[in-house]
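Novice: Here are the chains, one letter per residue:
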Amino acid sequence: MFATARSENRAVLLPYLTAGIPNPRDSVELFVAMSDAGADGFEVGIPYADPLMDGPIIMEAGEQALASGVTVDVALDIASQVASRTGKPVVMMTYVNPVLRMGVGTFFDKVNNAGACGVILADLPVDEAAPFLAEAVQRGMGLALFAAPTTDAARLEAVVAADPAFVYAIAEVGVTGEREKASANVEGLASRIRDRSDVPIVFGVGISTPDHAAKAAKVGDGVIVGTAIVRRVLEADTTRAATAELSKAVKELAAAVRRPST
Amino acid sequence: MKLNRPDQAGRFGAFGGSFAPETLMPALGGLESAFTDAWADDTFHAQLEHLLATFVGRPTPVYHAERMSRRLGIDLWLKREDLAHTGAHKINNTVAQGLLTKRMGKPRVIAETGAGQHGVATATACALLGLECAVYMGEKDIERQALNVYRMRLLGAEVIPVSTGAGTLKDAVSAALRDWVASVETTHYIIGSVVGPHPFPWMVREFQKVIGEELRTQLDGSPGHPAPQTIVAPVGGGSNAMGVFYPYAGDPDVDLVGVEAAGLGISSGKHGASLGHGSPGVLHGAMTYMLQDDFGQVLEAHSISAGLDYPGVGPEHSYFKDEELVRYESVTDDEAVEAFHLLCRLEGIIPALESSHALAWIIRESVALQDRTVVLNLSGRGDKDVQQIAAMYD
Ligand SMILES: Cc1ncc(COP(=O)(O)O)c(C=O)c1O
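Chains as they are written, first to last, in our numbering: chain A, 1 to 262; chain B, 1001 to 1394.
Keep in mind the hints are simulated off the structure, nothing from the lab. These figures come from a predicted structure and were not determined experimentally. Honestly, I wouldn't trust all of these hints.
[Claimed, not checked] Listed below are the simulated SDA-like cross-link pairs for lysine to any residue, each with C-alpha atoms no more than 25 Å apart in a straight line:
hint, chain 1, residue 1, chain 2, residue 2
1, A, 88, A, 219
2, B, 1102, A, 69
3, A, 181, B, 1011
4, B, 1209, B, 1011
5, B, 1270, A, 100
6, B, 1321, A, 100
7, B, 1270, A, 88
8, A, 181, B, 1321
[Unchecked claim] Chain A regions said to be covered by chain B (calculated; three or more residues, Cβ under 8 Å):
hint, stretch
9, 21–29
10, 79–90
11, 115–125
12, 170–180
Where a beta carbon is used, it is the ideal one built from N, C-alpha and C, also for glycine.
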């Protein structure tokens, strides 16, 4: 996915959506609509009750999904339908504890069987990642590791040395949520990673508008847009309205991640 | 076997570690170096000891509870953390972390609070040291610990209500951690117990172990100062218990008993007994015993006592449990309230509901404890709980 995008002089667009909103039945349709609008792949959220990296919007989505019975298995079932109907890469995002509870190996098996290709765990720093990476690699799957604006050189070395599928580059110091201004961190962070490795860089956290996405796409291989997508679903009165909103937003974002030829 | 400090990865055996968002990891590393450095520095110790002696009121006394002893047929002593400034052991930790915050050059402090004691102790340390202070507190706790909310405001702290989840301590910790993810460059998080990612559990234990160290010299086995045979402490996050237990852990002559909240009864599912009835998982950055469902979702705890109403516990307690260095028991809301009244009437001491749990276990087990020298860690005073108790009888 990243290689193709690089050859096309663009970054990939990976919208995030919590599995099971607005309800478990309609969830897949939203992903399909985003695929049709030009998303390159998806980050599918498995809801967690105590998400330390998330702001109020994604927390609310998680609470709604949990209340309507979206367990890890239900979320993976939705992810598998997304993968088969769109034919695009799907990455699962959640927190460490549901994975530990299921068993790390079992979790990766199930993710693999669902046709998803990677995993992001928001509270898994490189220091604790070894047993998770081992299970991912054994199945030919990817685990993302993080780099934040606060990450120092020594930690960045460790992240790159662990050879993750991609580096999730945290664009803002803070939890997920929309920001007014484009991140001032993306260029610096990208070049600090690039100095050390050719690993794909995917920016997320705070990227809310096509303008933000364009700036991140200039220096990164991928862009994740979360809260701006989830908010549109929470605000919509009907699934149809949500679908229309997402199509429009994703179209604009997909155009934005294509770098202008100079 | 007890460990002087966790390993390089911040583990006490299988427990602890740092499961935190990457954004926080450099600050946690920085905190570990700052603490290690300060803890090896005589100047820091001198500053801290001076404040503990002149501001906090340490050493806190050990009191021989004679009427209670006669009633129960045991030799009961109270380690009087309720007499520490602000009314609980929490101040031992906040003054020390406040000094460390100054040393790190951070102008702002955040904290979480359940019973409000840690919030008050943090607000106090911040007023003392000239630091800006914001305290996250669950909405339910704001209601049941109104006195402490007002105290925090008097001390110049901002109290930020947390409405997520059940509006209790777990939610306040999560909200504080979310704030910290955004503010980490200018802010230190003074966590209120031996919980959280490394180095917090270790550092807070080091700051609280003064309780047990004092007790060792106060009840040293000399005439009139019998050495403890059983030490009992309440366990919420576990800081007062760790503080009094740690210097004794592994001592074959002393039984250590931590008392968790059984709430409405263990079988009701409404309790806070993470060690007694939980299972290992990751909560608030550490691997530890916790209350969770089959899917790894954190469960809400329940206790009449806001300070014990927490679905996790410090990782070193999890280690102590598995190493069998400490026994963990639990008592119900009702048992705690009964013990609360008994101490008021027999000794003229209004205990915190948290501490009342430990006393309730002693009362329940008094036959088995017959003639033993028992120390109750009276972790705090109960002024904050008077309103809540009064409301029960309205
Ligand atoms: C008086 C008192 N005792 C005990 C606790 C429980 O905390 P920990 O287990 O960390 O001592 C609290 C917490 O608020 C408290 O205020």
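Novice: Each hint needs a verdict: does it hold in this structure or not?
Specialist: Hints, verified against the model:
1. For the hint linking residue 88 of chain A to residue 219 of chain A, the alpha-carbon distance of about 23 Å falls within 25 Å, and the restraint holds.
2. Taking the CA atoms of residue 1102 of chain B and residue 69 of chain A, the gap is near 47 Å; set against the 25 Å cutoff, the hint is violated.
3. A distance of roughly 40 Å separates the Cα atoms of residue 181 of chain A and residue 1011 of chain B; the hinted pair therefore is violated under the 25 Å criterion.
4. Distance check on the hinted pair: residue 1209 of chain B and residue 1011 of chain B sit about 19 Å apart at the alpha-carbon level, within 25 Å; holds.
5. The straight-line distance between the Cα atoms of residue 1270 of chain B and residue 100 of chain A is roughly 24 Å, inside the 25 Å bound, and the hint therefore holds.
6. Restraint check for residue 1321 of chain B and residue 100 of chain A: satisfied, since their Cα atoms lie roughly 21 Å apart, inside the 25 Å limit.
7. A C-alpha spacing of about 44 Å is found between residue 1270 of chain B and residue 88 of chain A, which places the hinted pair above 25 Å, so the restraint is violated.
8. Restraint check for residue 181 of chain A and residue 1321 of chain B: the C-alpha separation of about 49 Å exceeds 25 Å, so the hint is violated.
9. Under a criterion of three residues with beta carbons nearer than 8 Å to beta carbons of chain B, the stated coverage of the stretch 21–29 of chain A fails, only 0 such residues being counted.
10. Using a Cβ-Cβ cut-off of 8 Å, 0 residues of the stretch 79–90 of chain A lie near chain B, which falls short of the minimum of three, so the contact claim is violated.
11. With a cut-off of 8 Å between beta carbons, the stretch 115–125 of chain A has 4 residues touching chain B; three or more are needed, and the interface restraint holds.
12. Evaluation of the coverage hint for the stretch 170–180 of chain A: fulfilled, as 4 residues show C-beta separations to chain B shorter than 8 Å, against a requirement of three.
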